[in-house]
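Engineer: These protein sequence lines are chains A and B, in that order.
To convert a position in the first sequence, counted from 1, into our numbering, add 103.
To convert a position in the second sequence, counted from 1, into our numbering, add 654.
Treat the hints loosely; a few may be bogus.
DEER-style ranges, computed between Cβ atoms [what the hints assert, rightly or not]:
1. B:Asn739 x A:Ser120: 36 to 42 angstroms
2. B:Pro759 x A:Ser120: 33 to 39 angstroms
3. A:Ala121 x B:Phe755: 29 to 35 angstroms
4. B:Phe727 x A:Asp346: 48 to 54 angstroms
5. B:Phe755 x A:Met222: 18 to 24 angstroms
6. B:Pro759 x A:Leu246: 37 to 43 angstroms
7. B:Phe767 x A:Asp281: 50 to 56 angstroms
8. A:Ser150 x B:Leu890: 38 to 44 angstroms
9. B:Val763 x A:Arg291: 25 to 31 angstroms
10. A:Arg210 x B:Ile734: 38 to 44 angstroms
11. A:Lys105 x B:Phe966: 49 to 55 angstroms
12. A:Asp281 x B:Phe966: 46 to 52 angstroms
13. B:Ile709 x A:Leu294: 32 to 38 angstroms
14. B:Val773 x A:Lys206: 40 to 46 angstroms
With a straight-line Cα cutoff of 27 angstroms, these simulated DSSO-like cross-link-like pairs (lysine-lysine) come out [what the hints assert, rightly or not]:
15. B:Lys881 x A:Lys106
16. B:Lys803 x A:Lys105
17. A:Lys155 x B:Lys803
18. B:Lys777 x B:Lys803
19. B:Lys970 x B:Lys864
20. B:Lys681 x A:Lys105
21. A:Lys279 x B:Lys681
22. A:Lys208 x A:Lys279
23. B:Lys777 x A:Lys107
24. A:Lys108 x B:Lys881
25. A:Lys107 x B:Lys803
26. B:Lys745 x B:Lys940
27. B:Lys940 x A:Lys328
28. A:Lys106 x B:Lys777
29. A:Lys237 x A:Lys155
30. B:Lys681 x A:Lys208
31. B:Lys803 x A:Lys328
32. B:Lys881 x A:Lys237
33. A:Lys178 x A:Lys328
34. B:Lys745 x A:Lys370
For the record, the hints were derived by calculation from the structure and aren't laboratory data.
Ideal Cβ placement from N, Cα and C applies to all residues, glycine included.
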Amino acid sequence: MKKKKTIGRIIYHVLVSAFGFLMVYPLLWMVMSSFKESNTIFRTASSLIPEKFTFANYATGWRGFTGITFATFFKNSMVISVIATIGSVFSSAIVAYGFTRSKFKGRGFLFTCMLVSMMLPFQVIMIPQFIWFKQLGWVGTYLPLIAPYFFGQGFFIFMIMGFMEGIPTELDEAAKIDGCSYYGIFGRIMLPLIVPSMVTAGIFSFMWRWDDFLAALLYISDPVKYPISIALKLFSDPGSTSDYGAMFAMATVSIVPAVLIFIFFQKYLVDGIANTGLKG
Amino acid sequence: MKSDKKEVKKVSPQVSHRRAKLTLWQKLNRQSTAGFVCVFPFTFGFFAFTLIPVIMSLYYSFTIFDTLSAPKFIGLQNYITLFSNDARFLKSLGVTFFFTFTSVPLRLVFALFVAMILVKATKISAIYRAVYYLPSIIGGSVAVAILWKRMFATDGVLNTILNSFFGLFGIDSSFDYAWLGSTNTAIWTLVILAVWQFGSSMLIFLSAIKQIPTSYYEAADVDGTSKYRQFFSITLPLLTPTVFFNLIMQMINGFLAFTQCYIITQGKPLDSTLFYTVYMYEKSFKDYAMGYGSAMAWIMLIIIGVITLLLFKTKKFWVVGEGEQ
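Assemble the whole structure, with the sequences as input and the hints as a guide.
Structural biologist: Below, the structure is given as structure tokens:
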């Protein structure tokens, strides 16, 4: 009986890990190919281990195109993602505080607006937004990619609200008695307590902004300002390069931030998805 | 302590009666005003970046608008042209429906299947969970889209692997099938890419399964019910609310898919993978038919709305915990 159980367990682990290997195989293949000599990638596509391990692809890829290196594209993406994320997380937190800790006129209406904004697809408003930003002279700058996130994002407001509701109001009242203002309560009491939910929001925001392709495609046309997603797309277009080694090397570089987040903040990612259904 | 608080509450109404003497700071600090002040960024952002654009979009949809000259009102003409005289529009609508109605159910079934396997707690289940979840973290990126394009190319990974696999058995197969070049298979490469990103649904299922009380299963074990029956009589019914929520969110996202199609196939071959949003993008930002594009945006919004509504209507027939109310 015990033997049978052990065999069953071995079969389970073999199957689950084999299947898991199959799932990450494409990614592994991409990363390993980036270390192969560029002209051998497709000849040796069925083998994961490079015949000769080389960093040459990273050197050629990093040089980028039209004289702009990938350092620029990487920095651009960082600037956009970090600023938009900081704006989004802090504005969402203060809006969430207003919704949870106050009953003001029009609260119900604005709350409905928030739910609507969560469901409303970007594609529906992208045309008028484009015209709007064009009139403001924002096209070609990072403002359209950053500014809209400084006014709270529905998903994050909703998530942080859920977290705030779990914080006892006695804390607010005690601070109020001690002479703390409504805003002071937010800064001194709430903010330190909601850090976990803000980290979760920040992680998702960063990854969404990092991967954002459509908005950058609409607004950024100057190669010096390209974020990495657009640069990578142009880098891979036929004609601009047939150096697949360099292409896979830069593709690998572009997923490094997401992989690092995945490794170091996995708990927050899993909690964020499991508890609020945020898509990864 | 408690008596202190009561005293303060008794005092405070008297303070608020003396409104005339309140300074601006005290006014701003009143709970009702302060709440509004905190929510103000959202209120402003919602009007400026969402509500006004939505209304403008509806107006543009009744006009011819090339961004250079003022919009010209043409009534319902854009909508009429779309449905009666634009084969590519109808094609893209069909492709998007096909993509959504294959990839979303497949992904959910797949996610549930893997969740059922991984729910069994072992010492390394956290590692398994991470491995299965990784693709959905980076699956939406441009990097993966580029990779996908190379995987299914004529001289790509899939053909090479198939050839060396058959080579193992001494069969000299020379696969050079153009997966992306055939109207039969191109759309499926995009479906596979979408299904591959099943990780976040899997995590949601995992956490929902763990919330089912073990006593249900213990009782079923006592009755001698098979594990198979337990899944269909206990687990699945109790997961239906989770399935419902996922179905709605992913249907919406399915309709909005853009990047994968734009990079991998660009609608080729013969528009067989032309996604709705890609066509809308081409019309609006390549041909500068902004009015036409806005009409497409509104049709999309209506379709999403109708599907969501229909799903809610069917809720009482299959989602557990809804029938009794």
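Engineer: Please go over all the hints and tell whether each is borne out by the structure.
Structural biologist: These are the hints, each one checked on the structure:
One distance hint, 36 to 42 angstroms for the beta-carbon pair B:Asn739 and A:Ser120, is violated here, with the actual separation near 55 angstroms. The hinted window of 33 to 39 angstroms between B:Pro759 and A:Ser120 is violated, with their beta carbons roughly 27 angstroms apart. Look at A:Ala121 against B:Phe755: about 30 angstroms separates their beta carbons, and that is inside 29 to 35 angstroms. About 52 angstroms separates the C-beta atoms of B:Phe727 and A:Asp346, a value consistent with the hinted range of 48 to 54 angstroms.
Between B:Phe755 and A:Met222 the beta carbons are some 20 angstroms apart, a value that agrees with the proposed interval 18 to 24 angstroms. Taken as a hint, the range 37 to 43 angstroms holds for the pair B:Pro759 and A:Leu246, whose Cβ atoms sit roughly 40 angstroms apart. B:Phe767 and A:Asp281 have their C-beta atoms about 55 angstroms apart, which keeps the hinted 50 to 56 angstroms range intact. Checking the proposed 38 to 44 angstroms range against A:Ser150 and B:Leu890 shows it holds: the Cβ atoms sit about 42 angstroms from each other.
Between B:Val763 and A:Arg291 the beta carbons are some 49 angstroms apart, a value that contradicts the proposed interval 25 to 31 angstroms. For the pair A:Arg210 and B:Ile734, the beta carbons lie near 42 angstroms from each other, so the given range of 38 to 44 angstroms is met. As the Cβ distance of A:Lys105 to B:Phe966 is approximately 51 angstroms, the hint placing it in 49 to 55 angstroms holds. Here the CB-CB span from A:Asp281 to B:Phe966 is close to 48 angstroms, well matched to the stated 46 to 52 angstroms.
As the Cβ distance of B:Ile709 to A:Leu294 is approximately 36 angstroms, the hint placing it in 32 to 38 angstroms holds. Taking 40 to 46 angstroms as the suggested C-beta distance range, the pair B:Val773 and A:Lys206 conforms, at roughly 42 angstroms. Among the hinted pairs, B:Lys881 with A:Lys106 is consistent with the structure: their alpha-carbon atoms are about 21 angstroms apart, no more than 27 angstroms. With a C-alpha separation of about 48 angstroms, the suggested pair B:Lys803 and A:Lys105 falls outside the 27 angstroms cut-off, and the hint is violated.
Among the hinted pairs, A:Lys155 with B:Lys803 is consistent with the structure: their alpha-carbon atoms are about 25 angstroms apart, no more than 27 angstroms. Distance check on the hinted pair: B:Lys777 and B:Lys803 sit about 37 angstroms apart at the alpha-carbon level, beyond 27 angstroms; violated. Between B:Lys970 and B:Lys864 the CA atoms are separated by roughly 24 angstroms; this keeps the pair inside 27 angstroms, and the hint holds. With a C-alpha separation of about 74 angstroms, the suggested pair B:Lys681 and A:Lys105 falls outside the 27 angstroms cut-off, and the hint is violated.
For a cut-off of 27 angstroms, the pair hint linking A:Lys279 to B:Lys681 stands: about 15 angstroms separates their Cα positions. Proposed proximity of A:Lys208 and A:Lys279 is supported: the alpha carbons are some 22 angstroms apart, at most 27 angstroms. About 19 angstroms separates the Cα atoms of B:Lys777 and A:Lys107, which keeps this hinted pair within 27 angstroms; it holds. Taking the CA atoms of A:Lys108 and B:Lys881, the gap is about 16 angstroms. The hint holds against a cut of 27 angstroms.
A distance of roughly 45 angstroms separates the Cα atoms of A:Lys107 and B:Lys803; the hinted pair therefore is violated under the 27 angstroms criterion. With a C-alpha separation of about 19 angstroms, the suggested pairing of B:Lys745 with B:Lys940 holds against the 27 angstroms cut-off. Between B:Lys940 and A:Lys328 the alpha-carbon distance is near 21 angstroms, which keeps this suggested pair within the 27 angstroms criterion. At roughly 19 angstroms between alpha-carbon atoms, A:Lys106 and B:Lys777 fall within 27 angstroms of each other, so this suggested pair holds.
Simply put, A:Lys237 and A:Lys155 have alpha-carbon atoms about 51 angstroms apart, too far for the 27 angstroms limit, and the pair is violated. Distance hint between B:Lys681 and A:Lys208 is fulfilled; the C-alpha atoms sit about 15 angstroms from each other, no more than 27 angstroms. Only pairs whose Cα atoms come within 27 angstroms are accepted, and B:Lys803 paired with A:Lys328 is accepted, the gap being roughly 26 angstroms. The suggested pairing of B:Lys881 with A:Lys237 is violated, with an alpha-carbon distance near 61 angstroms, which exceeds 27 angstroms.
Between A:Lys178 and A:Lys328 the alpha-carbon distance is near 10 angstroms, which keeps this suggested pair within the 27 angstroms criterion. Proposed proximity of B:Lys745 and A:Lys370 is contradicted: the alpha carbons are some 43 angstroms apart, above 27 angstroms.
Hint check: violations occur at hints 1, 2, 9, 16, 18, 20, 25, 29, 32, 34; the rest are consistent with the structure.
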